[in-house]
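**Student:** So you can see what is in the structure, the chains are spelled out below.
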Amino acid sequence: MSTTKAPEAAPPETPPETPARKKNHQPHLRRNLPGYLMLLPFLALFAAFLVWPLLNSLYLAFTDFNGIKPPGFVGFDNFERLWTDDARFRKALGNTVMYVIASVTLTTLLALALALAFRTTSLRDKTMRTIFFLPSVTSSMALFLIWGWIFDVEDFGLANTVLGWFGGDSVAWLSTPELAVPILVFISVWGGAGYGMIIFVAGLNAIPEELYEQAEIDGASTFRQFWHITLPLLRPVTTYVLVTSLIGAFQVFEAVYIVFRTTASNVGGILDSALMIVPYLYDMGFGKFELGFASAVAWTLFIIIFIVSTVQLRLTRTLKDL
Amino acid sequence: MNPARKALRTLLAAALAAAVLAASACTTSTPQTETADSSEPAHLVFWNTGGDEEVAVLRAVADLYIAAHPGTTIDIQAVAWADSHAKILSAATAQQGPDVISGGLSWGNEFGQLGGMLDLREFGIVDEVKPLVAPGSWKSVESTDGAVYGVPMDMTLYLFYYRSDLLAAEGIAPPATWADLTAATEHFKGKGVDNPFVMTWSTLSWLQYTNFLKQAGGDWYTDDCSAVTVNTPEGVSALNYWADLHRKHGAPNEEPDLASGLESGDIVMANGGNWNLSGLDVSHPDLVGKWDVSVLPEGPAGAGSFIGGRVLGAMSYTKFPAQAADFIKFFYSDEAVAALQQAAKANGFLWISPRAELVDKLDTTDTAKTALKTTLQTAEGPPNCNGWDKSSPDIDKLLQEVVLNDADPAEKLGEIAALLTENLTG
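Residue numbers (the working numbering), protein chains in the order written: chain E, 1 to 322; chain B, 1001 to 1426.
There are no misleading hints in this set.
Taking beta-carbon pairs under 7 Å as the criterion, some of the chain B residues facing chain E (in silico): (1) Ala1086; (2) Leu1089; (3) Ala1092; (4) Thr1093; (5) Leu1114; (6) Gly1115; (7) Gly1116; (8) Asn1253; (9) Glu1254; (10) Lys1390; (11) Pro1393; (12) Asp1396; (13) Lys1397; (14) Gln1400.
The list that follows gives simulated cross-link-like pairs (lysine-lysine, DSS-like), each with its CA atoms no further than 27 Å apart: (15) B:Lys1345 - B:Lys1361; (16) E:Lys91 - E:Lys288; (17) B:Lys1361 - B:Lys1139; (18) B:Lys1319 - B:Lys1130; (19) B:Lys1087 - B:Lys1139; (20) B:Lys1329 - B:Lys1361; (21) B:Lys1319 - B:Lys1087; (22) B:Lys1369 - B:Lys1329; (23) E:Lys69 - B:Lys1390; (24) E:Lys91 - B:Lys1390; (25) B:Lys1290 - B:Lys1369; (26) B:Lys1139 - E:Lys288; (27) B:Lys1390 - B:Lys1087; (28) B:Lys1087 - E:Lys69; (29) E:Lys69 - B:Lys1319; (30) B:Lys1139 - B:Lys1390; (31) E:Lys288 - B:Lys1087; (32) B:Lys1345 - B:Lys1373; (33) B:Lys1345 - B:Lys1290; (34) B:Lys1390 - E:Lys288; (35) B:Lys1139 - B:Lys1373.
What the hints contain is simulated information worked out from the structure, not anything from laboratory work.
Glycine included, each C-beta is placed from N, C-alpha and C at the ideal position.
My request is simple: use the sequences and hints to build the entire structure.
**Tutor:** Structure, rendered in structure tokens:
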């Protein structure tokens, strides 16, 4: 192989658009036409059911649309009201932030712990992984209904039954405001850790064994191996788990709607103690018909998730550079 | 990528987005209705808010109507309470869906003022129906400007349930006043029953508070909806008493299973909906002969309670407005009410028609009939004033703050009054 570096050629000027170059487009299009045609059904559905509603909701966020009468343009009034004059939104935002921090942190930590505990291909580990993954493949509606029964104040409520075995008094789980967010976090961690575990197991198994062997020869303890090999090499997987959990946590709806809904016009539980942003959005849109305002809530949520996810990704990159 | 091409693509994407947004702004539609004579054949779709079991009951009325109107068809579909509000709104927005709907008693005004329901005065049925309906129920459906977007379909009343055998064993008469109620509650608490009195049907909500507000002599608004009146000494007295039932006298903050509680004796007294009249003995045969029912205990100003039920209305976009209105009117005929009561009986529940004089024809005990008739004399539905539906969920929170956080009742009623006033005039 020659090591002599050839003199760098001067950058060619952009060639003028010639008829020959234009002609090249035709075979390219002809060659890829089947691909584009196969994409077409998806693109049509994507545009009809995602792009169109999305842009429609952006327009509605600047109107006073009530679902029936034609929308009237109100400028930034909806956003101004949301941020300066809406105590329920602040309550929902506060609850959501608490829920996201607790839920994402605990879910990720538990998922990693489970992955470390059950990462091999032994029957025991496979069985345990299956058990922990089960909530992810079960109907969430069914699960939340069951959680509602578990925390029921009646004698058939499992939580109170267990408390009773130990001589404890019944607790009104769902009507004690201080317990609302912790209950939602508990349900979320229980349901989400198994999914995170599977992702972490895939990440763990991709780490070369040689690294651990070399570290062991160098006398590194298990903790140092974990800290200096496992965690750094799991960073992309961890980032994925964190970002997806974070987005999911910000969008929590079903658990609040099913477990805490007490009346037709009240989706946030007692004293709005379980009110999150998406249930609040639903309440404003489909409870109070303020669809323009609800669209403003939706776009505010999008901006929040976008900012938080971007900061998280940047932070991960910075940590990697360190 | 060539920067010029990249810029062009960005420009194209932005232009497309702008075009879609502009198109979105133009997507408004207006109701398309065809006027027709009520005797002409029609295909009516009826969304009934409630369970599947009620479809069979309503079918009885529909079949009678169809027999009298050859060529007409009526498709009755059940929509669960939890989904119905949003589904009807979606239908109104899309301008297609049911022709006739039933829903919460205040929904007619709510949807009507948004433009989603027909004003039934235009079809001449209000003059015929209004004299037949219990006044407390009618007041809720008539808008302050006189419009009637729906008429009551049935009624739901609060009644006072109690274990007659347990009260008799202690030598206690069924509580007739607030003082009697707290005395009986404390008596059974002294006997080791933790929650002798419970409040079912929307515990910790404005519905329950309304019972006590009326009994104390207060109300949410003036009769003509010109002012909010809840922040009065009567309102404070009612709120104090209601909150104390929870805070001091053991009434649970969550809605318990009434039938199981009565059967086990964990619940001695309760307020609850009239649907329990037919359900208790059926679901818990051991309770037969051990319970009874009366009107809610009176407060300082006498009797009073909230009356619920469903409203029956026609959607503004229906292609058969005259036929829909005629079908609604038919619900008030003697033959329709008789068919409803009979079909309901066959399905194990009571149909309480807005025609109060027909309570006597119900298949229930004499004490239950007396309780229903007495309650109907003073019960009133949800306020028909502007902004009520918008305010009510927030009112729940403010009331809950008194019960759960020991907030000052007068202060919270002041906040409720401010909220109601803002939405009344806003």
